[in-house]
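> With chain A fixed as given, assemble chain B onto it according to the hints.
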Amino acid sequence: MHLMPPTARTPRGNVPSAPDRLRALLAGEGCRALPCCFDALSARLIEQAGFPLTFMSGFAVSAARLAVPDAGLITVSEMLDQGRAICQAVSIPVIGDGDTGHGNPANVRRTVEQFGRAGFAGVMIEDQVAPKRCGHTGVKEVVSRAEALARIRAAVDARDAGAGPLILARTDARGALGLDEAIWRLRAFADLGADLLFLEAPRSEAEMARGCRKVPGVHMANLLAGGLTPILPPTRLAELGYRLAAYPLALLSVAGAAMQEALRELARRPDARAADGFRRPSHPGGL
Amino acid sequence: MPERQMDFAALRTLVGFDAYDRLLDTYVAPLGHSRPLTRT
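Each protein sequence line maps, in turn, to chains A and B. With our numbering applied, the first sequence covers -6 to 280. With our numbering applied, the second sequence covers 7 to 46.
Certain hints may be false.
Said to hold, decoys possible - According to the in silico footprint, chain B covers these stretches of chain A (three or more CB under 8 Å from chain B):
hint	region
1	61 to 68
2	218 to 232
3	246 to 254
These aren't lab readings, by the way, just hints derived from the structure by calculation. Just so it is clear, CB atoms sit at the ideal spot from N, CA and C, and this is done for glycine as well.
Only chain A is shown next, with the shape it has when bound in the complex (with noise of 0.2 Å):
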């Protein structure tokens, strides 16, 4: 019996590294889906429907390991124990959410690492004040131009150091400042070297792509329903410029629904159906 596919074992000799296999994806043409995990099960489960990357969502993990909100509350020290599970479990590349880089300079330098070491193959750091907030809630406020640029050079710094982690650079200065200020930030962002660009909350269509089209890179949506972003399909998207569409609560909110009715249904009948379910399992196992 084996604890892990095939695909998420050890690698040994020259398979490439998860940034590697990051680069090679983001070498290809078209806008992908990227589906977010929030744990080592999501991140399987995407794995196996045929996803070729994931994401590990600061709002996911921050709800579905701790139950507070995505505010800054959950530790770096948790978010990449998650991460470890989430990247053990799993083959394909996984992109993490580093936040703001958990302090000054030094601090983003050594999350990058600590990342890397972690097994993700990209790592995104924002230019929010700590503690950050959900990039589609509430009024925000980002550090200074001086200070975010810190962040980003800090990050590709430890990169090319031999962290390894891919960059994702990330802007909230359009909710706080302007989509002027948020595109320029995004283009110093790119010329520091950061291997893809996130305008975070464009309120609209002619936003993103105005976002896209001003600063050459790799672009990545953020399509949250019930958000500031309009929800546009993948051909879309990429006729917009973006390379990649994440999809940070869809498994989340699917899964909280599903636990909702489950747990209804148990509630009302827990001697019927629910219950059922437990006498006829297609693999017999224990709790």
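Okay, now just chain B, sitting in the frame of chain A:
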């Protein structure tokens, strides 16, 4: 996507975004009420 999903607002409430904001609000004191630091 399955029809049954928790919407974003419900998920936010479940994990306590509003409670978090209310908690922070309790620590915002008017400037005139701030207590001066004193040596004991």
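> Give a verdict on every hint.
A quick look at each hint next to the structure:
no.: 1; hint: 61 to 68; result: holds (count 5)
no.: 2; hint: 218 to 232; result: holds (count 3)
no.: 3; hint: 246 to 254; result: holds (count 7)
Comparing the model with each numbered hint stated earlier shows that all of them hold.
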